[in-house]
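Take a look at the letters that make up each chain.
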Amino acid sequence: MNELRDLFDGLVADIDAVFLFSPSMSNFEALTEGDSTVVVVGPENTVDADHFVELPIDFTDLEGRVRFGIEGALNQELVEQGDEVVCVSGFMDGAANAIARIQTNDFSPSGVYDLFVNSRAEPGVVRDVFEVAVELGKKGQKGKPVGALFVVGDAGKVMNKSRPLSYNPFEKSHVHVGDPIVNVMLKEFSRLDGAFVISDAGKIVSAYRYLEPSAEGVDIPKGLGARHMAGGAITRDTNATAIVLSESDGLVRAFKGGELVLEIDPEEY
Amino acid sequence: MQSLPDWPEFIRTLFSPQGTFVVSLVVLGIGLLVGFLVWRAARQFMQEMGVPEAVEGTPFERTARSLGTSTVGIVSNLAALFVYIIAITVALNIAQLVQPEAYWTRFTAFLPNLFIAVFAIIIGLIAGDKAKLVVSERLRSVKLPEATVIPELVKYSIFSLAVLIALGQLGVATMALLILLAAYAFGLVFITGLALKDLLAASAAGIYLLLTEPYSIGDEVVIGDQRGIVQEVDMFVTRVENDGQEYIIPNQQVMQDGIVRVRD
Numbered sequence: 001m002n003e004l005r006d007l008f009d010g011l012v013a014d015i016d017a018v019f020l021f022s023p024s025m026s027n028f029e030a031l032t033e034g035d036s037t038v039v040v041v042g043p044e045n046t047v048d049a050d051h052f053v054e055l056p057i058d059f060t061d062l063e064g065r066v067r068f069g070i071e072g073a074l075n076q077e078l079v080e081q082g083d084e085v086v087c088v089s090g091f092m093d094g095a096a097n098a099i100a101r102i103q104t105n106d107f108s109p110s111g112v113y114d115l116f117v118n119s120r121a122e123p124g125v126v127r128d129v130f131e132v133a134v135e136l137g138k139k140g141q142k143g144k145p146v147g148a149l150f151v152v153g154d155a156g157k158v159m160n161k162s163r164p165l166s167y168n169p170f171e172k173s174h175v176h177v178g179d180p181i182v183n184v185m186l187k188e189f190s191r192l193d194g195a196f197v198i199s200d201a202g203k204i205v206s207a208y209r210y211l212e213p214s215a216e217g218v219d220i221p222k223g224l225g226a227r228h229m230a231g232g233a234i235t236r237d238t239n240a241t242a243i244v245l246s247e248s249d250g251l252v253r254a255f256k257g258g259e260l261v262l263e264i265d266p267e268e269y
Numbered sequence: 270m271q272s273l274p275d276w277p278e279f280i281r282t283l284f285s286p287q288g289t290f291v292v293s294l295v296v297l298g299i300g301l302l303v304g305f306l307v308w309r310a311a312r313q314f315m316q317e318m319g320v321p322e323a324v325e326g327t328p329f330e331r332t333a334r335s336l337g338t339s340t341v342g343i344v345s346n347l348a349a350l351f352v353y354i355i356a357i358t359v360a361l362n363i364a365q366l367v368q369p370e371a372y373w374t375r376f377t378a379f380l381p382n383l384f385i386a387v388f389a390i391i392i393g394l395i396a397g398d399k400a401k402l403v404v405s406e407r408l409r410s411v412k413l414p415e416a417t418v419i420p421e422l423v424k425y426s427i428f429s430l431a432v433l434i435a436l437g438q439l440g441v442a443t444m445a446l447l448i449l450l451a452a453y454a455f456g457l458v459f460i461t462g463l464a465l466k467d468l469l470a471a472s473a474a475g476i477y478l479l480l481t482e483p484y485s486i487g488d489e490v491v492i493g494d495q496r497g498i499v500q501e502v503d504m505f506v507t508r509v510e511n512d513g514q515e516y517i518i519p520n521q522q523v524m525q526d527g528i529v530r531v532r533d
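Just so you know, the sequences run in chain order A and B. For what it's worth, the numbering used here labels the leading residue of the first sequence as 1, then goes sequentially. For what it's worth, the numbering used here labels the leading residue of the second sequence as 270, then goes sequentially.
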């Protein structure tokens, strides 16, 4: 067992910070007594930690969670580029059973933290739209897979860079994405062609929009269709965020500044 | 109640001294029975009105619970006690066991007022606590330390009202207190009105703008000196953006200045 312990000691030696993912109170208290920075990552700050990164969605894969936590901590300047950190997290439905040592510049930042926290739209709105897209991806429309394109934030500019395909069903309505009826409503409207436009505060401004951005210099992975291209391009021209549900592979992707920042599989939620 | 002193006299003229004593015992028995019936009826009535659920969680109820009773129990016991005391005094008067003139008769006449005063205090305590709970529940989303003052203010306003009613029942001169309360209420209304003047005007205009939507998100408008694209309209403000500058315009100003919609 000694070799194993040595290996373990080597893993946690000389670290700058500890990342705890949804820790229990006792674990947290025991660790704060040490001298390294403790950063708590979770959907809620249940332990009243000083350094806290909020997880807006429930990442099921460990990498996504770790990536989000570290990017969030970098963004809040809790840790610095090049710091060595140890992440303690639950793996495969366990509680705090996995330990990983990661250098913060081991990976290039994907902007996933930026997507939720520093978007033009309110973080809650981005999260709500994300949940609607995931829900739609899971269930589809009457069992068949559907595609959908949501453009969130900077709605005035988006409206000026798009044109209506038909009458806007949301005209003079006051529907917000957090409202309970919205999931059903958007599911029904998702069989319409075109994009949904959602304002900074979450009001659904329009459906049936044909986006007309200039697609010049938009770099999205090859193989994605016109819906993704339109979504990616509109985020380059405006400060909006695009959340796209693919009809062909069922993945939910988010674009910001013309780049793909997040890709998740709805089935894993 | 004023005719009460005459009744014992009348009964004493009708019966012999022994008969009077029996009558007084009968009156006492009836009084005890009526008291019990009042106690049961009050209990049942309050239970059916949903009083136990309504007072749940208020400090008064909690205090009552810790004393091994409940609000319903206290009020119904009070009502029964009131009937018992009346029965006992009437019986004593009839039997002439005590000097009837001075003290007891006036006490009987005063009893209902006392009962109402106690009742007003109990209702005031419960209503005050309940109102505080409701208000603080509403204000929970407002995470300001100053916001906790408002529920307390509501609570003590209701307490003072209850105390005033009780004192009025007991015949204490409450004129000065009443004037104080009036000044306080006026000040409260006046100051909140003054503080919320702009917000009220903005929301009145905002309701019109939201209902009729003379302009909507994405339109280019000129409001006063500001020209830009509408980004958001809510109850209080309209956000207009132009070249990276976002103007947040109060809705009453939108109504005052008028709106120019730019169409090209």
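Some hints here could point you the wrong way.
Pairs of lysine to any residue, SDA-like flavour, derived with a Cα cap of 25 Å [to be verified]: (1) A:K157 - B:K466; (2) A:K161 - B:I528; (3) A:K172 - A:R120; (4) A:K157 - B:L380.
Bear in mind the hints are in silico, worked out from the structure with no lab data behind them.
Status of each hint after checking the structure:
no., hint, result
1, A:K157 - B:K466, "violated, 33 Å"
2, A:K161 - B:I528, "holds, 23 Å"
3, A:K172 - A:R120, "holds, 23 Å"
4, A:K157 - B:L380, "violated, 76 Å"
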